[in-house]
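Engineer: Below, each chain spelled out in residue letters.
Protein chains: 2
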Amino acid sequence: MKHAVSGDRLQPLSYREVRVHDPFWTKYVALVRDEVIPYQWEALNDRIEGASPSHALQNYRIAAGEEEGAFYGYIFQDSDVTKWLEAVAYSLASVPNPKLEQLADATIELLARAQQPDGYLNTYFTIGHQDERWINERDNHELYCAGHMIEAAVAYYETTGKGKLLDIACKFADYIDTVFGVEAGQKRGYPGHQGIELALVRLYEATGQPRYLKLSEYFINERGQEPNYFRLEADGRAARFGQNYLLREPYYSLYKDGFAYNQSHLPVRRQRHAAGHAVRAVYMYAGMADVAAAFKDPELIEACRKLWDNVTQRQMYITGGIGSNHDGEAFSFDYDLPNDTAYTETCASIGLIFWAHRMQRLDPDRKYADVIERALYNGTISGMALDGKSFFYVNPLEVWPQACQRPDKKHVKPVRQKWFNCACCPPNLARLIASLGTYIYSQTDNSVYVHQFIGSDTKVNLAGQSVQLSQQTNYPWDATIDLAVSPDQPAAFTVAIRVPGWCENPSIVVNGQRVDIQAAMTKGYARINRVWEAGDVIRIELTMTIKRMYAHPNVRVNAGKVALQRGPIVYCLEEADNGAVLPDIALPEQAPLEARFRPDILGGITVITGEARRSSALGWEETLYGETKRADVVFPIQAVPYFAWANRGEGEMQVWIRER
Amino acid sequence: MKHAVSGDRLQPLSYREVRVHDPFWTKYVALVRDEVIPYQWEALNDRIEGASPSHALQNYRIAAGEEEGAFYGYIFQDSDVTKWLEAVAYSLASVPNPKLEQLADATIELLARAQQPDGYLNTYFTIGHQDERWINERDNHELYCAGHMIEAAVAYYETTGKGKLLDIACKFADYIDTVFGVEAGQKRGYPGHQGIELALVRLYEATGQPRYLKLSEYFINERGQEPNYFRLEADGRAARFGQNYLLREPYYSLYKDGFAYNQSHLPVRRQRHAAGHAVRAVYMYAGMADVAAAFKDPELIEACRKLWDNVTQRQMYITGGIGSNHDGEAFSFDYDLPNDTAYTETCASIGLIFWAHRMQRLDPDRKYADVIERALYNGTISGMALDGKSFFYVNPLEVWPQACQRPDKKHVKPVRQKWFNCACCPPNLARLIASLGTYIYSQTDNSVYVHQFIGSDTKVNLAGQSVQLSQQTNYPWDATIDLAVSPDQPAAFTVAIRVPGWCENPSIVVNGQRVDIQAAMTKGYARINRVWEAGDVIRIELTMTIKRMYAHPNVRVNAGKVALQRGPIVYCLEEADNGAVLPDIALPEQAPLEARFRPDILGGITVITGEARRSSALGWEETLYGETKRADVVFPIQAVPYFAWANRGEGEMQVWIRER
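If you read the protein sequences in the order shown, they are chains B and Z. Residue numbering for the first sequence follows the UniProt record's numbering, beginning at 1 and increasing consecutively. Residue numbering for the second sequence follows the UniProt record's numbering, beginning at 1 and increasing consecutively.
In short, the hints are calculated from the structure, not lab data. There may be inaccurate statements among the hints.
[To be verified] For lysine-lysine, the following PhoX-like pairs were computed, each having C-alpha atoms within a straight-line distance of at most 25 Å:
1) B:K99 with B:K164
2) Z:K629 with B:K367
3) Z:K187 with Z:K256
4) Z:K367 with B:K629
5) B:K413 with Z:K410
6) B:K410 with Z:K171
7) Z:K162 with Z:K99
8) B:K256 with Z:K164
9) B:K99 with B:K27
10) Z:K410 with Z:K367
11) Z:K413 with Z:K389
12) Z:K214 with Z:K306
13) Z:K256 with B:K413
14) B:K410 with Z:K413
15) Z:K214 with B:K410
16) Z:K410 with B:K256
17) Z:K164 with Z:K99
18) B:K523 with B:K306
19) Z:K418 with Z:K389
20) B:K413 with B:K389
[Unchecked claim] Calculated Cβ distances over 10 Å to all of chain Z for the following chain B residues:
21) D327
22) Q405
23) R416
[Claimed, not checked] Quick list of simulated restraints, FRET-style, between CB atoms:
24) Z:R514 with B:E621: 33 to 43 Å
25) Z:V95 with B:V633: 42 to 52 Å
26) Z:A51 with B:W134: 22 to 32 Å
27) B:R305 with Z:A631: 25 to 35 Å
28) Z:G258 with B:E621: 24 to 34 Å
29) Z:E68 with B:H273: 37 to 47 Å
30) B:K418 with Z:P407: 19 to 29 Å
31) B:H273 with Z:G258: 39 to 49 Å
Each residue gets a CB set at the ideal place from its N, CA and C atoms; glycine is no exception.
Let the sequences and hints guide you as you build the complete structure.
Structural biologist: Written out as structure tokens, the structure is:
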């Protein structure tokens, strides 16, 4: 069951309604389908040579009483299985695959058998830790795992129409609803790692059961109230097990100075500064936006907007990366955006997209789609190698491989790692890419919004007509987009096309007639309101010049530096093209730059070339400090898209280039 | 007893032979005498309010059987007492103070009573850990503490003529000589924290007993031989206490990947790259230079020279700071010299001076005195507030106070700390400053070297004559030095005056007659060979222009940046003078700069002023990244000497300034 679209409320089209056929993205979709999902299945079955065993499916078999043994893995190991199921669901939506569906069905059966009579489902606790249920929500990821299971259930139900996993999810959610809440005998708790909030809203949308929405709202409203639940919980454990027990809790040190790490330091409605673990934060903000939209809750909407401003105006990298602090994988303070020690977890950028997507629903302002685009084309897909076989968790903006030996940079890897152990970012990328269709369009009763320029087909009901939309483009390399708009019958409605923030001189032509964009613009969308007929074509030309981007003066590390951007793509210099000691390269302010598509490297990319300057090391051999300024020589540079870095072996990389 | 000066062997004049009366340094000497030494005495007696108790003297009383109780403090707590005694000795040499001498004498009596019959003296082990003697040299600092005691003993003997502490030291050293060595039944060990090597050479020089020199040589030669002694030792502990015991050893993690942390990863003669804990390293290199000089050991000399080149050409900050890695307080790899996460411990710069001083003895090349000067006027005294009451252990070259909250910068303090707990740097600074006379002159049979320009008087025997030398200067603010050379009788000898590496156009005039410096120069010293008579005056004019200093292109963090230096003084920008967001300031290449003495700030310093540019934050409020380059406005800057930073409250600071 889906909410009816009502009036001006923006409703995203689902991945199920949108078929992606895009030269840029189809490669990624295929990688996820052909590489990532099968690899993940092998991993879940402990068949990857050289990798530590996942044990995740075996945990379920043990919990179901079908095998003997102990739980093995992270406390959130279950979520590896449900993340895989969610990615499978999206993948099946675009390309049916009966064999894969069969594996998924069998896995769901296993989950059903592992579910406890009361609805509880978490193998860590079922296998030998029955009495530890709900005693440490702060660290134990029970509600987090439940959230991923719910998301998988909704996706699998939507895609296949099969209700088995949805039933499991509802049964578990109903049980959770009895455990947590403000009634007598209930725990006034909430998740230590957020995620279930947005999952419950999806469950509500899929089932129409308001209790799931209310449970989500409860988690959001309760969070950060005093006395802090996690403190009460810890006091309870201390009373039960003794103070020394607390010292052994894995994240103890993160809470010593308060609860910002998991955003329970303040009631969420009072939060204005994004703080703590970045993935937890943006998952929560996404859930807040969902609940705010559902209840039209102005206070919660205001908190979402203020947090949005804080993140995007003070704490976001130009790549759409967030979380500049390795310690706690966390936000830092305003303008603290170091390039070489950034954490910028792939999952955090993905979560930023989830959040932006929901903010967009609250308010069709292009700033949300701009951020989605920035993260999509830069800080998320940088997480995966071009062959889909290795992954970054951390996406730095500057790398000197030798310096990654330093303990303060040991989290920064100069090459992507095989998918081992903590399987967090790869499956998250998989579900993002497999559900890419979700981010392209949304609609109201009589308007359709085009947020992203991704080759795709969809059909929407507008003004009582079924309207076929077909988008063709070679974006992001090329700035031309053709959008065919074909209603069954001629009808008046609005097509609202996002003019990206980076684009200064767009041109939009309908059937050869130029649209007055200035007049049509509302919050960054060119609203074309006319009677549309079958065969109408909108041609969008987004002049894609090379932009020299500068950072706010308070971003101290980028003082005197410039980043190159063309369209949505942020560029970087790599050692493979420009030799070592990249910081020595300086780009003159007036240096002409040229963009050129090169099919021969990195799977086909547009490179930027130009004449920079660099100094000669001549005469410096034995001199560490000298009065003689280094001789400056002309040096041709080639910049490549940031997302494609580290696909040619280990080497230096930097996004921000000195300007002179 | 002192070695006879023989032929061309360079012999430094001792602090006892040189009276310092210098406008710049006398303030520091007085601070050490009037603030630091008395404060330290109060600390040793647990009379500092708000500080954790030192317990150091009480430990001695307990070890002497005069009080009941347990040992308290760091395992090297004893050295706090002997460092104090050493500083007292130097201070008494310049200003007699019977009351202070009485306190020292009483303390020495206490040490005597705490010494064990076999000569052993370390209160941690004597109080309840008798059976742990010499089982963990890697971590337990037994030989390190012995080294500090020996140094104090030599200094106190030299200064006061009193032999009590020297007797204690000899007795302990004689005992150590029975424990360690290559004979059957001896341990083939060496210190985990070096220092005793150079101390034993001082003991040899004070007593004339070659066994102390040989023991020092043994420690140096044995270090890093295979099988590694610390591994054998650890295996022994594992056999005795079990493997789990090893995991609890404090520095275990530092040794997992080898023994570079304490420089036992290779035999010292084969070491070419400075590695590991910087203070341990330079104390060891100083000991190596001593032993190399004593035995005229070409292989050891070569190792010293190669290590010197590595440190000063690849791993030293422009302030004379060393140790760029917080983890292990250690050297890093070549050219890895981050400004904002530097460790650059005050003690490491002091150790660099100790080492350079000994290298100078091997080879009178000005490069050694240049480094001593660089460290003296910058990276060492930066460790102490101008009022002598607070101290930096870490001396960064760039500070953004808010960023010191970040875990990767938490070792960097934006303001100096009261002297608490690990009392390492403050007493080390005290002994350096109190013995400053040591670094100014050295001599051979018929020449005297003037290494440093510090107002001072001394008397040397040259060519059979007693020669009075008197140096007067307002260095480092002023470039003029008057050196009066007055032999009892006219005599021919050489006065070799260092022309600092930073000085391009020196002028040296003897009794009004210009010296041909080019002709007189040997390894950076202008050698003036003539018949000197009473009343001769050398006027040295070192043109002190403002230098724009650049770093080797491989020092990536300093690309495009300039540091200001005038004479030996390295400058920095502070928020107090220039407002916040210092990295935004850019200094045009051609900007005229002016030096001016300002008696009104920071105790009287020469400031550098000039016109830089900075951007306006106008229009950036809500924009984090934009295409518009920031408007650039003229901005007058004032730079102050680096050593004087952080004496006006908390604020930003940076040494390296963007150039444009």
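Engineer: Each hint should be assessed against the structure and marked as holding or not.
Structural biologist: Do the hints match the structure? See the list:
no.	hint	result
1	B:K99 with B:K164	holds, 18 Å
2	Z:K629 with B:K367	holds, 21 Å
3	Z:K187 with Z:K256	holds, 23 Å
4	Z:K367 with B:K629	holds, 21 Å
5	B:K413 with Z:K410	holds, 22 Å
6	B:K410 with Z:K171	violated, 48 Å
7	Z:K162 with Z:K99	holds, 16 Å
8	B:K256 with Z:K164	violated, 51 Å
9	B:K99 with B:K27	holds, 22 Å
10	Z:K410 with Z:K367	violated, 34 Å
11	Z:K413 with Z:K389	holds, 15 Å
12	Z:K214 with Z:K306	holds, 24 Å
13	Z:K256 with B:K413	holds, 21 Å
14	B:K410 with Z:K413	holds, 22 Å
15	Z:K214 with B:K410	violated, 43 Å
16	Z:K410 with B:K256	holds, 16 Å
17	Z:K164 with Z:K99	holds, 18 Å
18	B:K523 with B:K306	holds, 18 Å
19	Z:K418 with Z:K389	holds, 7 Å
20	B:K413 with B:K389	holds, 15 Å
21	D327	violated, 4 Å
22	Q405	violated, 7 Å
23	R416	holds, 23 Å
24	Z:R514 with B:E621: 33 to 43 Å	holds, 35 Å
25	Z:V95 with B:V633: 42 to 52 Å	violated, 58 Å
26	Z:A51 with B:W134: 22 to 32 Å	violated, 45 Å
27	B:R305 with Z:A631: 25 to 35 Å	holds, 29 Å
28	Z:G258 with B:E621: 24 to 34 Å	holds, 29 Å
29	Z:E68 with B:H273: 37 to 47 Å	violated, 54 Å
30	B:K418 with Z:P407: 19 to 29 Å	holds, 28 Å
31	B:H273 with Z:G258: 39 to 49 Å	holds, 43 Å
Hints 6, 8, 10, 15, 21, 22, 25, 26, 29, counting from the list given before, are not met by this structure.
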